[in-house]
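S.K.: Sequences listed follow chains A and B, in order.
For reference, each letter of the first sequence is one residue, going -12 to 310 in this note's numbering.
For reference, each letter of the second sequence is one residue, going -12 to 310 in this note's numbering.
Hints are computed from structural coordinates only; laboratory data are not their basis.
Among the hints, erroneous ones may be present.
[To be verified] Computed beta-carbon distance windows for the label pairs:
hint : chain 1 : residue 1 : chain 2 : residue 2 : range
1    : A       : Gln250    : B       : Ala(-5)   : 54 to 60 Å
2    : B       : Gln49     : A       : Ser273    : 55 to 61 Å
3    : A       : Glu21     : B       : Ser83     : 35 to 41 Å
4    : A       : Ser51     : B       : Ser140    : 38 to 44 Å
5    : B       : Gly50     : A       : Asn149    : 38 to 44 Å
6    : B       : Gln13     : A       : Leu89     : 36 to 42 Å
7    : A       : Ser273    : B       : Ser140    : 47 to 53 Å
Built from N, CA and C at the ideal position, the CB exists for glycine as well.
Residues per chain are reported as follows:
There are 2 protein chains.
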Amino acid sequence: MTMEEVFAYVREDLEGVEQVLMDSVQSDVQLIAEVGKHIFQSGGKRMRPLLTILSSRICDYQGSAHLSMAAVLELIHTATLLHDDVVDHADLRRGSRSVNYLWDSETSVLVGDFLFTRAFCMMVDHRDMGILDLMSRTCRQLAEGELLELTKSGDPHIEEDNHLAIVRNKTAVLISAACRIGALLGERAEWEAYLADFGLNLGMAFQLIDDVLDYEAKEQVLGKTIGKDLQEGKVTIPMIRTLERCTMAEKDRMVEIIRARSQDSRHLQEILETIQKYDGLEYAHSKARYYVDKAKTALTPLPDGQDKSALLVVAEFVAIRTN
Amino acid sequence: MTMEEVFAYVREDLEGVEQVLMDSVQSDVQLIAEVGKHIFQSGGKRMRPLLTILSSRICDYQGSAHLSMAAVLELIHTATLLHDDVVDHADLRRGSRSVNYLWDSETSVLVGDFLFTRAFCMMVDHRDMGILDLMSRTCRQLAEGELLELTKSGDPHIEEDNHLAIVRNKTAVLISAACRIGALLGERAEWEAYLADFGLNLGMAFQLIDDVLDYEAKEQVLGKTIGKDLQEGKVTIPMIRTLERCTMAEKDRMVEIIRARSQDSRHLQEILETIQKYDGLEYAHSKARYYVDKAKTALTPLPDGQDKSALLVVAEFVAIRTN
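For reference, chain A alone in the conformation it holds in the complex (with noise of 0.2 Å):
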């Protein structure tokens, strides 16, 4: 199977899920029609609402409440993108012009809200308590990453481990949320921990490519602009393995440009050729690696057959993607 045949596998589901979230923006205040309409329509990859489908797929959930708990999934993480970018000052957001950008943080900041008021009334609608529980916790640990993240910010000297723990918080917890959903759709409790792992450390490794791919990604590939996690005070997997392993002058001039903030592409290029001497990338890369694989074991107990493949084949991608 390749990640084609995998999306050609769930399409009829994924078209169910992009229906839910153009109804869920639906509303008398244009302003939510008209920015909800441009967020969804610019894309995104819908890697939680494709684990969610299959997920629900291989606990054999026979319902049609999969789509709008991945719609859920995607709101939420939608909404947590709009307020990243207003943390952020970002200007680019999958490859679109930002609501931050186009609107204002204001419209970012409230269109957040409103989205993740959605996936609230989406979740209380469903009724299931297991899938509140599990929904209410981990959108606890997004805002206490994020907080955790920004907490952070800049600072030079974060540990490895650290920096995982807001890894976990900010993207793996949710990444996780996405495929425990399908074993509590298809109550399937017998599975849902090993879903669970899977998809948390699918998103762990998710996370670190993500993080390499700042510094690797051509700005039309990846749809945000290079270097920004850099701009922003983002230290992440590449640079911390740099700053353990290079010299105390290389790690002086490295800590002076992160704490500049600085736009300047000589300083990133600077920056790009130690890590680059010091395999930061490769690092990172090897740690991704290590999670998938890690997420591919979390499978095994689970019955073999196209669902299952599906989901390696997903894993896998995480692992190599470029974008």
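Since the structure of chain A is already known, use the hints to place chain B on it.
M.R.: Same frame as chain A, but now just chain B:
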């Protein structure tokens, strides 16, 4: 009964709510604990918790969940204030420096999100679908109200009905929910509509008086900067009324000042004089009185006694409050 006697009557419960609020901002993320402490020690009227407590009592609720539900109302209210402060670039809140000012707008957005997720967890923990239904709908309306207000920001041609729809969505529905929860907790379905109606009308009056006080109150009493609404482009009832009645020349001049979002105290003075000429503040007061009377009437079917007296005192206080 005086307002002081009402507070004495529910003191123990209100202290319980304070404890829940302080507990809710305990977190391994130190920033959350610090900001949370600042917010909840800065005071606030605790109008919503007060109403939840009194409504629970009149509905003869015997448990202790009214404390956490009262805290949920205050958490949601506080989250919206934090996001409002970012939208409005406010420096003061409840007479203290705003989070926005003391920390930064990023912190204000993300701590707002955190408080909201805490409320979400507490609601889910209570496991009452009726309350979850009510609160999810209410939160959606709040978000819509905020966005509607943003859309109309700086529009001198907004009509009274449109403005009242904003007031209803951004303020009154939450105060209505605070009262309605009492009926849900006490399982008094037959009184739910009355308490909802009481709260909705009280909420309308509360916001109208808030808008009047923006023109009238002493800065140290109200804890906000005077004339702030005007600088933020918020056109409220005293102004809407005046714009409907003044001469063309006066209207042009006021529109000019509104559009300029002037910070000049002479401009504020000029606006105030025109509003006074056309009894704009008296008009807003009379509308507030209308809603307070409607609120009081809504309680008619409920049993007389100390709880009802207290609710009526709160209603009267809203009409005559000076801060």
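S.K.: Check the structure against each numbered hint from earlier and tell me which ones fail, lowest number first.
M.R.: Result: no hint breaks.
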